Amino acid sequence: MNEMTKVDAGHSVEIRHLDLQFGAVEVLKDLNLDIHEGEFLVLLGSSGCGKSTLLNCIAGLLEVTAGQIIIKGKNVTWAEPSERGIGMVFQSYALYPQMTVKGNLSFGLKNARVPKAEIEKRVARAAEILQIEPLLDRKPGALSGGQRQRVAIGRALVRDVDVFLFDEPLSNLDAKLRAELRVELKRLHNQLENTMIYVTHDQVEAMTLADRIAIMRGGKIMQLGSPDEIYNRPQNRYVADFIGSPSMNFIDGRLEGGVFTSGELRLPMEGYEYAAPQVSDGPATIGIRPEHVVTGELAASAPVQTEVLVELVEPMGSDTLVYTELAGERFRIRMDGQAVVHAGDRLPIGLVPAKASMFDKSSEVRL
Amino acid sequence: MAVAEEAGHARRSSPRADRKPFRLFHNLMPKIALIPMIATALVVFLGGTLWTVVYSFTSSGLLPRRNWVGLDQYERLWSSAKWIVSIQNLALYGIFSLVFTLVIGFTLAALLDRKIRFEDTFRTIFLYPFALSFIVTGLVWQWILNPDFGVQGVVRSMGWESFTFNPLNDPDIVMFGLLIAGLWQGTGLIMCIMLAGLRGIDEDIWKASRVDGIPTWKTYVRIIIPMMRPVFVTAVVLIASGIIKLYDLVVAQTSGGPGISSEVPAKYVMQTMFGGQNLGQGFAASTMMLLSVVIILVPWAYLEFGRRKRG
Amino acid sequence: MANPATLASTFAAKQPVHDRLDDGPHGPRPKRSFSRANIFLYGTLALVSIYYLLPLYVMLVTSVKGMPEIRMGNVFAPPMEVTFEPWVKAWAEACTGVNCDGLSRGFWNSVRILIPSVLLSITIALISGYALSKWKFKGSETFFTILIIGAFIPYQVMLYPIVIMLRDTGGFLTDIWQATCGVFTSAEGSCRGRIQLFGSLSGLVIVHSIFGMPILVLLFRNYFASIPDELFKAARVDGAGFWGILFRIMLPMSMPILVVAMILQVTGIWNDFLFGVVYTRAEQYPMTVQLNNIVNSVQGVKEYNVNMAATLLTGLVPLTIYFFSGKLFVRGIAAGAVKG
Ligand SMILES: Nc1ncnc2c1ncn2[C@@H]1O[C@H](COP(=O)(O)OP(=O)(O)OP(=O)(O)O)[C@@H](O)[C@H]1O
Ligand SMILES: [Mg+2]
Numbered sequence: 022m023n024e025m026t027k028v029d030a031g032h033s034v035e036i037r038h039l040d041l042q043f044g045a046v047e048v049l050k051d052l053n054l055d056i057h058e059g060e061f062l063v064l065l066g067s068s069g070c071g072k073s074t075l076l077n078c079i080a081g082l083l084e085v086t087a088g089q090i091i092i093k094g095k096n097v098t099w100a101e102p103s104e105r106g107i108g109m110v111f112q113s114y115a116l117y118p119q120m121t122v123k124g125n126l127s128f129g130l131k132n133a134r135v136p137k138a139e140i141e142k143r144v145a146r147a148a149e150i151l152q153i154e155p156l157l158d159r160k161p162g163a164l165s166g167g168q169r170q171r172v173a174i175g176r177a178l179v180r181d182v183d184v185f186l187f188d189e190p191l192s193n194l195d196a197k198l199r200a201e202l203r204v205e206l207k208r209l210h211n212q213l214e215n216t217m218i219y220v221t222h223d224q225v226e227a228m229t230l231a232d233r234i235a236i237m238r239g240g241k242i243m244q245l246g247s248p249d250e251i252y253n254r255p256q257n258r259y260v261a262d263f264i265g266s267p268s269m270n271f272i273d274g275r276l277e278g279g280v281f282t283s284g285e286l287r288l289p290m291e292g293y294e295y296a297a298p299q300v301s302d303g304p305a306t307i308g309i310r311p312e313h314v315v316t317g318e319l320a321a322s323a324p325v326q327t328e329v330l331v332e333l334v335e336p337m338g339s340d341t342l343v344y345t346e347l348a349g350e351r352f353r354i355r356m357d358g359q360a361v362v363h364a365g366d367r368l369p370i371g372l373v374p375a376k377a378s379m380f381d382k383s384s385e386v387r388l
Numbered sequence: 157m158a159v160a161e162e163a164g165h166a167r168r169s170s171p172r173a174d175r176k177p178f179r180l181f182h183n184l185m186p187k188i189a190l191i192p193m194i195a196t197a198l199v200v201f202l203g204g205t206l207w208t209v210v211y212s213f214t215s216s217g218l219l220p221r222r223n224w225v226g227l228d229q230y231e232r233l234w235s236s237a238k239w240i241v242s243i244q245n246l247a248l249y250g251i252f253s254l255v256f257t258l259v260i261g262f263t264l265a266a267l268l269d270r271k272i273r274f275e276d277t278f279r280t281i282f283l284y285p286f287a288l289s290f291i292v293t294g295l296v297w298q299w300i301l302n303p304d305f306g307v308q309g310v311v312r313s314m315g316w317e318s319f320t321f322n323p324l325n326d327p328d329i330v331m332f333g334l335l336i337a338g339l340w341q342g343t344g345l346i347m348c349i350m351l352a353g354l355r356g357i358d359e360d361i362w363k364a365s366r367v368d369g370i371p372t373w374k375t376y377v378r379i380i381i382p383m384m385r386p387v388f389v390t391a392v393v394l395i396a397s398g399i400i401k402l403y404d405l406v407v408a409q410t411s412g413g414p415g416i417s418s419e420v421p422a423k424y425v426m427q428t429m430f431g432g433q434n435l436g437q438g439f440a441a442s443t444m445m446l447l448s449v450v451i452i453l454v455p456w457a458y459l460e461f462g463r464r465k466r467g
Numbered sequence: 005m006a007n008p009a010t011l012a013s014t015f016a017a018k019q020p021v022h023d024r025l026d027d028g029p030h031g032p033r034p035k036r037s038f039s040r041a042n043i044f045l046y047g048t049l050a051l052v053s054i055y056y057l058l059p060l061y062v063m064l065v066t067s068v069k070g071m072p073e074i075r076m077g078n079v080f081a082p083p084m085e086v087t088f089e090p091w092v093k094a095w096a097e098a099c100t101g102v103n104c105d106g107l108s109r110g111f112w113n114s115v116r117i118l119i120p121s122v123l124l125s126i127t128i129a130l131i132s133g134y135a136l137s138k139w140k141f142k143g144s145e146t147f148f149t150i151l152i153i154g155a156f157i158p159y160q161v162m163l164y165p166i167v168i169m170l171r172d173t174g175g176f177l178t179d180i181w182q183a184t185c186g187v188f189t190s191a192e193g194s195c196r197g198r199i200q201l202f203g204s205l206s207g208l209v210i211v212h213s214i215f216g217m218p219i220l221v222l223l224f225r226n227y228f229a230s231i232p233d234e235l236f237k238a239a240r241v242d243g244a245g246f247w248g249i250l251f252r253i254m255l256p257m258s259m260p261i262l263v264v265a266m267i268l269q270v271t272g273i274w275n276d277f278l279f280g281v282v283y284t285r286a287e288q289y290p291m292t293v294q295l296n297n298i299v300n301s302v303q304g305v306k307e308y309n310v311n312m313a314a315t316l317l318t319g320l321v322p323l324t325i326y327f328f329s330g331k332l333f334v335r336g337i338a339a340g341a342v343k344g
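Note that the protein sequences, when read in sequence, are chains W, F and X.
Quick note: the first sequence uses the working numbering, first residue 22, plus one each step.
Quick note: the second sequence uses the working numbering, first residue 157, plus one each step.
Quick note: the third sequence uses the working numbering, first residue 5, plus one each step.
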């Protein structure tokens with residue numbers, strides 16, 4: 022199957038200065054993105070930020086206004102979708118309703134005039150990989166959602182493409198099936214080692230599947246990095262806010278001489294890795310993830326200690342969400358599921374500046 | 157620094173070079189496939205209409221000619237008794253047809269919507285005339301309204317000797333003879349549209365009005381009909397554009413008679429254009445028809461789409 | 005004017021007529037089955053039904069009576085003696101002008117007009133609707149808007165320009181044919197033939213295709229627009245082109261809308277009178293035109309039974325379609341209602 026192993030870790034898909042407009046509306050603005058050979062890249066962003074649009078541009082289903090798309094070193098900006106070496110899987114499966122599963126799988130190959138014997142072989146192999154052999158003679162109408170999505174993936178699989186494009190492939194499935202297929206996709210990627218570009222607005226999917234995540238907003242990429250980087254070192258306040266559930270707590274204040282202050286609160290930023298070697302004093306925002314707040318006995322050993330008043334407690338089974346206030350801002354804390362807290366309690370907490378993120382107040386860029 | 161900028165600039169502009177030179181030929185097939193439609197829209201509909209309007213300012217007789225006479229044709233048109241009668245007839249027919257079609261269509265739809273049995277049968281009966289042509293419609297009503305053997309004859313033969321109902325030979329009421337036939341043919345369609353409108357209304361409205369103790373008729377008048385405004389607008393547009401085209405029915409049922417008492421504009425156009433070797437008159441008359449459509453449709457389009465854009 | 009998408013959706017809103025009619029009634033339920041209100045309700049409906057059914061009944065009974073019986077009785081009386089003579093006469097002997105071969109000529113003319121017109125108009129509209137919904141390009145919506153506005157222009161405005169267009173196109177094609185035909189054949193005189201569009205069946209076929217276009221294109225465009233874009237995109241990724249997607253993906257899904265379009269066109273074209281009068285010559289008159297000429301001819305004694313048999317014969321084709329297609333017909337006319 023894999024002639025195209027990671028011999029050179031070159032670029033599989035390169036996007037250069039891509040602009041796309043629908044009439045007067047600019048949906049993608051000077052977008053640049055390099056995707057490595059064999060990489061699993063997730064495009065993550067809120068609804069309407071242009072993820073699908075970008076994917077459709079890569080697929081050749083939308084004409085770009087300006088810029089270049091290069092796949093495997095070949096400029097395909099104006100090539101037909103079928104000439105780009107891409108396969109695409111859609112949210113609504115988009116199976117041809119009047120064809121059998123087999124017909125669906127072989128449609129692309131027939132269009133490419135692949136010999137019959139070869140078609141048979143490839144369909145059989147794809148069916149085996151995806152475990153849909155018993156379904157080959159059924160029509161899509163007689164399949165479950167999960168089976169349909171498998172067939173849709175198979176349609177890309179048989180064509181032996183370089184790049185797989187997924188547009189929210191799992192969002193029409195129920196939660197359990199989604200988790201199942203997610204694992205299966207990961208397995209598939211390990212097995213095939215193709216480049217995969219995957220659009221989603223589900224953070225869990227993004228975190229679990231991605232080699233790298235590109236966070237998009239308003240047609241621009243806000244940050245491109247590994248899940249770990251995105252989670253622990255968000256490059257700007259938007260990304261910090263977007264990733265993580267419940268989302269990060271933000272407190273506005275000032276950074277002066279390496280100490281962040283906001284009202285009563287004083288956080289000496291010892292151990293914090295600044296993004297730039299020189300940081301000037303000025304207004305800043307600090308972001309602390311609810312799960313990074315230390316509680317219980319450990320709170321005493323944290324670098325910074327304080328006490329907050331519990332306003333509301335949301336027990337969620339595996340953990341407990343505690344709503345409090347810190348330095349005049351709403352402050353959420355994620356505690357253990359077994360934690361015993363009640364509204365009105367005073368809760369001692371510990372903060373770890375090294376794990377926090379700090380942003381310039383006006384530019385919202387990481388300090 | 158300058159070098160980097162240079163490079164960036166070169167990169168930025170290079171995509172231009174990749175552009176296919178003729179975007180017109182990109183995805184050529186859909187453009188070719190649309191040629192018949194585009195030709196119809198531009199050449200026949202737009203071009204043809206403009207042509208007729210332009211030639212209505214000429215003295216074209218047997219053949220179209222470009223000798224301009226200004227508004228002469230229109231002056232002649234509006235001083236022609238036949239045209240005036242045609243306009244009056246159409247106005248009369250139009251008003252009655254509009255009112256009766258709406259009232260009958262809505263009433264039938266409301267009756268059918270009252271959870272009755274045999275709804276399908278009644279609907280089939282009310283709608284079948286719409287499948288028939290105006291020629292068939294006109295001819296069969298011509299026969300039913302025949303003074304000797306039709307309605308009048310039947311009533312007289314039952315003993316009421318002085319009974320008179322002879323619309324097709326009475327210039328005063330001949331338009332009502334046409335109206336009876338026109339309503340027979342066209343009300344079924346409006347009933348169907350109204351019925352669909354009624355079915356589109358949330359059933360909870362009825363429950364609410366029953367809980368509030370509002371009488372049925374009042375619910376219709378105060379709640380249902382105002383809610384069906386868009387359906388009524390559609391129905392009015394349909395009826396109106398049908399009225400302006402009134403032609404076949406007249407030809408079949410009365411041939412414009414007795415005398416010229418049931419002439420209509422469309423028939424006037426046909427006669428002057430193809431019968432009277434008086435093309436200019438025909439063009440002027442048809443331009444007037446176009447104008448009346450514009451007068452009806454523009455306010456509708458404005459209301460309909462203006463509201464939508466604002467909303 | 006308005007943007008065509010909204011314009012189209014206004015009309016599309018009428019398309020679910022059929023589906024909504026299946027919904028079942030919403031109005032208040034009459035209280036008891038034999039209440040006064042109920043008797044009034046069914047009484048009204050029955051009375052109205054008589055008005056609607058009467059002409060059909062009159063046509064039927066008149067067409068099977070003999071002339072003496074008609075002269076004696078009235079139009080509503082049931083026949084004392086049933087005869088099919090009038091039907092035979094209407095079909096095979098009734099006269100229009102000098103021709104006395106009955107309505108059969110008009111019937112076959114109508115069939116000859118109907119089949120190519122239906123095929124051509126639906127083919128063009130299908131392809132146009134598909135291109136307009138799935139292969140939009142700059143300006144395509146504008147052309148569509150013009151087409152839809154064209155549906156509201158009175159036919160009389162465009163009648164004469166079309167006469168000229170048909171005549172000139174015919175002449176132009178004749179020139180081309182005569183100039184190039186020598187290449188294909190050397191037989192003497194075989195290149196004399198003229199291509200005539202005005203005053204011929206082929207011209208009428210073109211006219212029907214033109215005037216059927218707005219409503220049919222609208223019908224198909226809205227139908228294809230309702231097919232998910234993702235399906236279309238998947239097919240493009242799979243390497244199918246304009247025609248491939250149309251024939252392999254879209255067409256197999258279009259059977260219901262094709263039937264609706266067919267019903268719409270068959271009844272519409274069969275019932276046409278105006279275009280038949282204007283664009284054909286006497287020998288080629290469609291059935292409606294010939295029917296009108298037979299019944300309204302001033303010469304000879306009026307044979308009412310033959311007239312009604314002829315009228316019923318002419319109405320038979322659309323009536324058959326109506327009674328057999330049922331709800332599809334409703335959907336078709338609801339979509340076709342814009343035709344006015
Ligand atoms: N055909 C179109 N014409 C005009 N605007 C469009 C068109 N398609 C998309 N847009 C706009 O482009 C923007 C990006 O759309 P896109 O479908 O890429 O969003 P997305 O990130 O995929 O969102 P979602 O998560 O909801 O799928 C949206 O604001 C949308 O309104
Ligand atoms: Mg999307």
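Be careful, since some hints might not be right.
List of simulated lysine to any residue pairs, SDA-like, C-alpha gap at most 25 Å [as the list claims (entries may be wrong)]: (1) F:K401 - X:K142; (2) X:K331 - W:E47; (3) X:K142 - W:S165; (4) F:K401 - F:P382; (5) W:K207 - W:A138.
From the structure, some residues in chain X lie toward chain F, with a derived Cβ separation under 8 Å [unchecked claim]: (6) F111; (7) V221; (8) N297; (9) S301; (10) T315.
Rather than coming from a laboratory, the hints here were simulated on the basis of the structure.
Predicted, not measured: the structure shown is a model, and the values here were computed from it.
Even for Gly, the Cβ is constructed at its ideal location relative to N, Cα and C.
(message) If you test the structure against every hint from before, which numbers come out violated?
(response) 1, 2, 3, 4, 5, 6, 8, 9
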